[in-house]
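As a plain string of letters, each chain reads:
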Amino acid sequence: MDIIQYFFNIWSDPSLIALVALGTFTGIYVGAIPGLSVTMATSILISFTFSWEVYEDLSLIVGIYMGGVYGGSRTAILLNIPGAPSAIATALDGYPLAKKGKAGEAIGLSTVMSTIGGFIGIFVLATAAPYVAEFALIFQPRDYLLLAILGILLVGSFSGDSLIKGIFAGALGLLIGTVGLDPLTAEERFTFGVVELWGGISFIAVMIGMFGASEALVQLHNIGKSSVKQKINKIIPSWKSILKYLPLSIKSSSIGVIIGALPGTGGDIAALMAYDYAKRSTKNPETPFGEGAKEGLVAPETANNDAVGGAFIPMLTLGIPGDAVTAIIIGALFIHGLNPGPMLMIEKPDIFWFIVSALLFANIFMLIFGLTGIRLFSKVIQMPKVVLIPLILMLSIVGSYAVNNSITDIYWMLGFGFFGYFLKEYGYQVGPVILGIILSKLIDQNWRRSIISEGGDIGSLFIGILTSPLSLVLLSSVLFVFLSHTKYWPRKKP
Amino acid sequence: METNNEKKPGETAFVVILVIFSLFLTWQAYGISGFDSLSSPGSFPMAVSFIMVISSIIILLKSTKLGINNSILFWKDILPKNIIIISIFILIFALMLQNIGFLISAYYFLSGSIYFLNKGNLKFSLGVAFLSLFIIYILFHMVFSVIMPEGIIPEREIWAWLENFIILWNIK
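If you read the sequences in order, they're chains A and B. Quick note on this note's numbering: the first sequence kicks off at 1 and runs consecutively. Quick note on this note's numbering: the second sequence kicks off at 1001 and runs consecutively.
No lab work stands behind these hints: they were computed from the structure. Wrong hints could be hidden among the right ones.
Unchecked claim - In silico negatives: residues of chain B with every beta carbon more than 10 angstroms from chain A:
#, residue
1, Met1142
2, Trp1159
3, Ile1167
Claimed, not checked - Just so you have them, the derived chain A footprint on chain B, three or more residues with Cβ under 8 angstroms:
#, stretch
4, 1065-1076
5, 1111-1121
Every residue, glycine too, gets a C-beta built ideally from N, C-alpha and C.
Bound conformation, chain B alone (with noise of 0.2 angstroms):
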C-alpha cells in the first residue's frame, strides 16, 4: 500500500532533476535583465524560476525523510514495459510523420499498439486499426478540414481524381 509517509522509487532522483532544472532556469531568467528594475522583462521570470527553486528544494528535503514502498518497483510500477514499448510507439509514428505520411504512420502505429496491448491478435489489430483510421480520416478531412503530412502517399491527387469521378459519374 501506497502512504503519504512513504516515496515511490526515483522519486528523489526526480526532485533532484527538478531542483537542477529550476536552478538552471533561474540563471536563464537572471541573464534576461539581471536586477536591472523591478518592471525589467526578467524580473517576473527570476521571481517565478525562484518559487520553483524554493518549493521543490522544499519538496526534495521532505521527500529525503521519507522511507521508500518497498511494494513499489520502478521497472513493474512506475515505467512498466507497456508504458516504455508504447512510448518507443509514439516516438516512431512521430518521426515518421513527416516523411512517410500520416496514413502510413498511425496505422502503423495504432495496428502495433492494439497488437502489443491485445498481446498478440493481428486480425484484430489490423481490423480495428483499418476501421478508426478511416473514420478519423474521413472526419478530420471533412469536417475538421485538418490537413495532415500526405508524404508517399499521393493524398492531394487521389481525392482530385475522386472529385472528378463523381462529378463524371453524375453528368452520365
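So here's chain A without its partners, still in its complex pose (with noise of 0.2 angstroms):
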C-alpha cells in the first residue's frame, strides 16, 4: 500500500511533474547542442538546486538525465557528434541515414524505440531493485569492498583507448576523496595544515572543473566551425516501421537493462553490444551495417536508454554508479543527506520510488518532445558557440561558487578545469577521476573494515573471500572484468 502511496507522490503534485518535463526537454537540448554533454549539464545543475526539496531536485535531474542520453543520439545522426558516450553506436548508421535524407525518419525511429527501451528499463528497475538491496542486506564489509573495486573497474571501460591513463586517472579520483579528516580516526589527510580542507575539497566544483570548464576549453579549438545544416522532415514514423523492428527492439532491451544493471559497465556498452547483437542477427538488412541500416539504429537506441533504468539499480541498492551521470546523481543525494545502498531502500523508500516514477513521466516527455519542436531544435543545435562557451564558463563559476557559498570553491574549479583540459588534450579521460572520488569513501572504510574484522590480518581475509560463495562470486567478477579490460583477454577480429 506504501508503494502505491510512494509512488503516486509525483502525480498528485503538477509542480514536479513540470520540472520533470522541463529536465526532459532541457536533456534532449543539452545534449543535442555539440560540445553540451548531460554530464556537464548535471554537474553544473545540481550546485544550482542543492538547496531544494529532494524531490524536487531529483525532478529535474532524472529528466535531465533520460532526455540527455536520447538527445545525444541527435547529435549522431545529424552531425556525426555523438553527445554522450551511449550515442556513439548510433552514429553509425544514423549519421549515413541522414546524409541520404532520411534524417528525420531517424529522428523518429529513434524517438519510439529510446522510449520503447526506456519502459522496459523502468519495468526491471520497479520489480528487480527491491531484490536486489534485499539480498545487499547480507553483504559484509569485505563484498562491499570488492562490489567497489568492480564499479571503479569501469575506468576500463571510461578509458578511452588507453586504460593505463584511464587507471591514472581513477587513482588520482580516490586519492582526490581522501582528502581531509579521516572519517575514522578524524586523522588529517593531505590537509597540508590548512583547515579549510578539513572537509574535503568540494566535490561540486571538481566536477564541475572537470566536465564544465574543460570541455567549454576544449571547444574553443572548434570555434570557427560552423555546425552543418541537414534538411529534417516529417518524423513521426509509420506504425509499420515500428512493428517491423519492435521485436528487435524488445531483444535490444535485454542486452541493455542487464549490462545497464552491472555495477561498471553503462549505456555505452549497452549500445554498442545490442548494435552488435543486431549485426550478427539481422540476416538481408535493407540497406547494409555502417552504410544506414535502421537495425543499426534501432538496437543502440533502445538499449541505451533502457540501460538508464538498469545504471539505476546498483547506484540506489548498492551504491555503486554505473556511469559518469549516476555518479553525479549519487553526489546530488549525498548533498541531501541521503546515502545510496541497501539502506536508502528501507529507510528511505519513497525516494526509490518517487525515482521510479519520474523516470516514468521523463519517458512518456521524452517522447512527446522527441516528436516535436523540430524548428526550434533546428534553431537551437545552431546556438553561436562565441555566446554559448563563455555562458558555460560564467555558470561554471556560478555553480562552483553557489554551493558553499566559497571563492575558494571556483579555485578549485578552475583549478580542475585547467588539470581537465590538459588530461583531455593528451587522451586521458576525465570520468574516471568522477567515479574515483565518488567510491573512495566506500572502498577506504570497507578497506579498513574488513582488515579490522579480521584482526588486521590479511591472510584471513583472503580465506574469509574464498569460503564465501558470495564473495567468491564477486571476486571472481572483478578478475574477470579486469581481464576482459586488458589485450591478454581473446577478442574476435573484426
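Combine both chains into one complex, guided by the hints.
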C-alpha cells in the first residue's frame, strides 16, 4: 500500500511533473547541442538546486538524464558527433541515414525505440531493485569492498584508447576523495595544515571543473567551425515501421538492461553490444550496416535508454554508479544527506519509488518532445559557440560558488578545469576521476573494516573471501572484468 | 593526422609533472601514518598514490618510445591564443567577483569574451552579454535562490526598494 502511495507522490503534485518535463526538455536540447553534454549539464545543475527539496531536485535531474541520453543521439544522427558516449553506436548508421536525406525518419524511429527501451528499463528497475537491495543486506564489508572495486573497474570502459591512463585518472580520483579528516580516526590526510581542507575538496567544484570548464575550453578549438545543416523532414514514424523493428527492440532491451544493471558498465557498452547483436542477427538488412541500416539505429537506441533504468539498480541498491551521470546523481543524493545503498531502500523507500515514477514521466515527455518542436530544435543546435562557451564558463563559476558561498571553491573548480583540459588534450578521460571520488569513501572504509574484522590479518581476509560463496562470486567478477580490459583477453578480430 | 604511435608536443613534460606529483603525494601519504598497520588512515592513500606512481611511470616509458607528431604545434593546437586569452579573462573574473561583485564582473567577462571570440563586434557583444546576464540573474535570484557576491552594487537595497515600490503601486 505504501509503495502505491510513494509511487503516486509525484502524480499529485503538478509542479513536480512540470519539473520532470522541464528537465527532459533541457536534457534533450543540452544533449543535442554539440559541445554540451548531459554530464556537464547535470554537474552544473546540482550546484544550483542543492537548496531545493529532494523531490524537486530529483525531478529535474532524472528528466535531464533521460532526455540527455536520448538527446545525445540527435547530434550523432545529424552531425556525426555523439552527444554522449551512449550515442557512439547510434552514429554508425544514424549519420549515413541523415546524409541520405532521412534525418527526420531516423530521429522519429530513434525516439520511439528509445521510449520503448526506457519503459522496459524502468519496469525492470521497479521489479528487480527491491530484491537486490534485500539481498545486499547480507553483504559483509569485504563484499562491499569487492563491489566497489568492481565499480572502479568501470575505468576500463571510461578510459578511451588507453587503459593505463584510465587507471591513473581513477587513482587520482580515489586520492582526491581521501583529502580531509579521516572519517574513522579524524586524522588529517593531505590537508597540509590548511583548516579549509579538513572537510575535503568540494566534489561539486571538481566535477564542474572537470566536466564543465575543461570541456568549454576544449570546445574553443572548434570555435570557427560552422555546424552542418541537415534537412529534417517528417519525423513521426509509421506504425508499420515501428512494428517491423519491435522484435529487435525488445531483444536489444534485454541486453541494455542487463548491461546497464552491472556495476561497472553503462549505456555506452549496452548500446555497442546491442549494435553488435543486431549486426550479427539481422540476416538481410535493407541497407548494409554502416551505410544507414535502420536495425543499426534501433538496437543501440533501445539499449541505451533501457540502460538508464538498469543503471539505477546498482546505484540505488548498492551505491555503485553505472556511469558518469549516475556518479553525479549519487553526489546529488549525498548533498541531500541520503546514502544510496540497501539501507536507502529500507529507510527511504519513498525516494526509490519517486525516482521510478519520475523516470516514467520523463520517458513519456521524451516521446512528446522528441516528436515535436523540430523548428525550434534546428535553431537551438545552431546556437553560436562564441556566446555559448562564455556562458558555460560563467555558469561554472557561479555553480562552484553557489554550494558553499566560497570563493575557494571557484579556485578549485578553475584548477581542476585547467588540469582537466590538459588531461583531455593528452588523451586522458576525466570520467574515471569522478568515479574515483565517488567510490573512494566506500573502498577506504570497507577495506579498513574488513581488515579490522579479521584482526589485521590479510591472510584471514583472503580465506574469508575464498570460503564465502558470495565473496567468491564477486571476486571472480572482479577478475573477469579486469582481465576483459587487458590485451590478454581473447577478442574476435573485426 | 594524429595516430596512436605518435605523441603530442608537451606530452612528455606533462607526464613528467604527473610522475613528480604522484611521488610527492606518495611521500605525503606515507607521512599520514607510515607503515603502521593495514587498517591505518594512511594505508589506502598510500596504496592509491602508489598506483598513481606506477601508472604514470608506465605512461612515461610508453611516451618516450613514441615519436613526436610534427603536424601538431603546442602554441597552435594544444594551447592556442583562444584558450590563453579566455583563461586570463576567467581568472580576472574570479578575482574580481568577491570585491567588485557578480553583476559587474560577469558583465565584463561575458561582453569581453564574446567580443574577443566574435572577432570584434562591440554592439553585439554588449547587447548579448546584457541580455544573457539579465536572464541568468533573474533565474538565479527567483528560481534557484542563489545569492552571488554583490560587491559595489547595493543589490539588496535595490531589491528591497523594488519590492516596496510594487507594494505601494498595488495599494494605489
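Which of the numbered hints above does this structure break?
Structure breaks hint 4 only.
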